[in-house]
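Chemist: Turn these sequences into a full structure, and let the hints guide you.
Protein sequence lines, in the order shown, are assigned to chains A and B.
Residue numbers are given in this note's numbering: position 54 of the first sequence equals residue 55, and the series is strictly consecutive.
Residue numbers are given in this note's numbering: position 159 of the second sequence equals residue 160, and the series is strictly consecutive.
No lab work stands behind these hints: they were computed from the structure.
Where hints are given, some of them may not hold.
Intra- or inter-copy, both count: the list cannot distinguish identical chains.
[As the list claims (entries may be wrong)] In silico SDA-like cross-links for lysine to any residue, where the CA-CA straight-line distance does not exceed 20 Å:
| # | residue 1 | residue 2 |
| --- | --- | --- |
| 1 | Lys51 | Thr112 |
| 2 | Lys51 | Arg106 |
| 3 | Lys51 | Gly24 |
| 4 | Lys51 | Gly189 |
| 5 | Lys179 | Arg158 |
There are 2 protein chains.
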Amino acid sequence: MLQYRTEALTDAELEREREVAGGLAQSTRDLVDAVVRTTLPDEDLIEVRKQVDELTARLRSHQLPGSFGIAVTPEGTVRNHGNTVVGLRNAMAPPLRVQTDPGGRAWADFTLGAAYEGPPGMVHGGVTALLLDQLCGEAAAAGQSPGMTATLSMSYRRPTPLGPLHGEARVVRTEGVKTWVEGSLATGDGVTVECEGLFLLPSWAVEPAAWPKHVHRFE
Amino acid sequence: MLQYRTEALTDAELEREREVAGGLAQSTRDLVDAVVRTTLPDEDLIEVRKQVDELTARLRSHQLPGSFGIAVTPEGTVRNHGNTVVGLRNAMAPPLRVQTDPGGRAWADFTLGAAYEGPPGMVHGGVTALLLDQLCGEAAAAGQSPGMTATLSMSYRRPTPLGPLHGEARVVRTEGVKTWVEGSLATGDGVTVECEGLFLLPSWAVEPAAWPKHVHRFE
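Modeler: As structure tokens, this is what we get:
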């Protein structure tokens, strides 16, 4: 069920894609933020909308039939550029640039703006779950026990303000196809949210041996 | 700490804002999807990026200094248009059009595309947590026991495919400032994800009596 397509991109071409498609996504992120915050009059918004529609039509003239999925280069580098949290092509993603170590740890420093708001001035509680789910999954994969989320339990200690944040996760135990992971988000003033997750490699998924070499390196 | 600003918008002006700013956000959502899926050559992406940057600069010429927050009209209608899940101005939001009833129930039907992907062809597990957190919070508010998420426990039954989905949540118990809520997401083939949440009205939040009249109607 987890299908990967192989694409004949060299790592150098991949770097170029990061720069160009990643750059377009970054500009689109800025646009999303500006649409939330703009106070321009209706006439301007109507004009801007028309131009956005034209750009979308141009991009759609040549596009993948469905979602981006996960592609793997011949060199074994994974491109999950469409991913909601880490995808370089996905303007919804902050994107997290996750660092990992083979001991089963993952962490990232990032900044969340207006598009991630729940209560006024605060990060949406569900966004913190979204980011921690990804970090926990990457910690599990980095520790050579990749899996899908089976359970995720969030504990909200205090509100998480919009702005710079640090997130981290670590594997606390493994048992066969089961991996238990703990994670947290913090501001400079300390932890705001904690979580515990159980990750499973389900029977319908690929065998671990069949996973691409660098599947834990979500580049 | 939960601050609302009051804006002198009539409900008619608000309807117009929904149409115009909401329309721009919808077009921006389409752009986000197209950026993920486009296969146009680099030269085109570089040109499109430049035009996106120009539109962003235009929108930013007049903008709120920070995030959108929550505004309340003199008629008492809440505008949380910046919200990551339900915000009409927020291109990250699907957006969910949540329906509620005063018995403490909330539900929504919606479709998730390429921008919400985790595993190939599937909704990111964290996105399901994001949406259920909002639905549970709205169920609590609809049942006259609004609060902030204290805990949220997700149970993933099977992968959630991208496409049309139904989400719902209901209050199962209240005790003073504590409200317990259950929720789920489903495809036409049944439930994919379930959750249980505890919502609290913290002491630093406004008194319930001071909440705007229609705070449970996130329009």
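Chemist: Hint by hint, say whether it matches the structure.
Modeler: Going through the hints against the structure:
1. For a Cα distance limit of 20 Å, the shortest separation of Lys51 from Thr112 qualifies neither inside one copy, at 30 Å, nor across copies, at 24 Å.
2. In this assembly of identical chains, Lys51 and Arg106 lie within 20 Å of each other by CA distance neither inside one copy nor across copies; the values are 45 Å within and 38 Å between.
3. Only between protomers do Lys51 and Gly24 lie at most 20 Å apart by alpha-carbon distance; the minimum there is 10 Å, versus 22 Å within a single protomer.
4. For a Cα distance limit of 20 Å, the shortest separation of Lys51 from Gly189 qualifies neither inside one copy, at 42 Å, nor across copies, at 35 Å.
5. For the homomeric pair Lys179 and Arg158, the shortest alpha-carbon distance between copies (15 Å) is at most 20 Å, but the shortest distance inside one copy (27 Å) is not.
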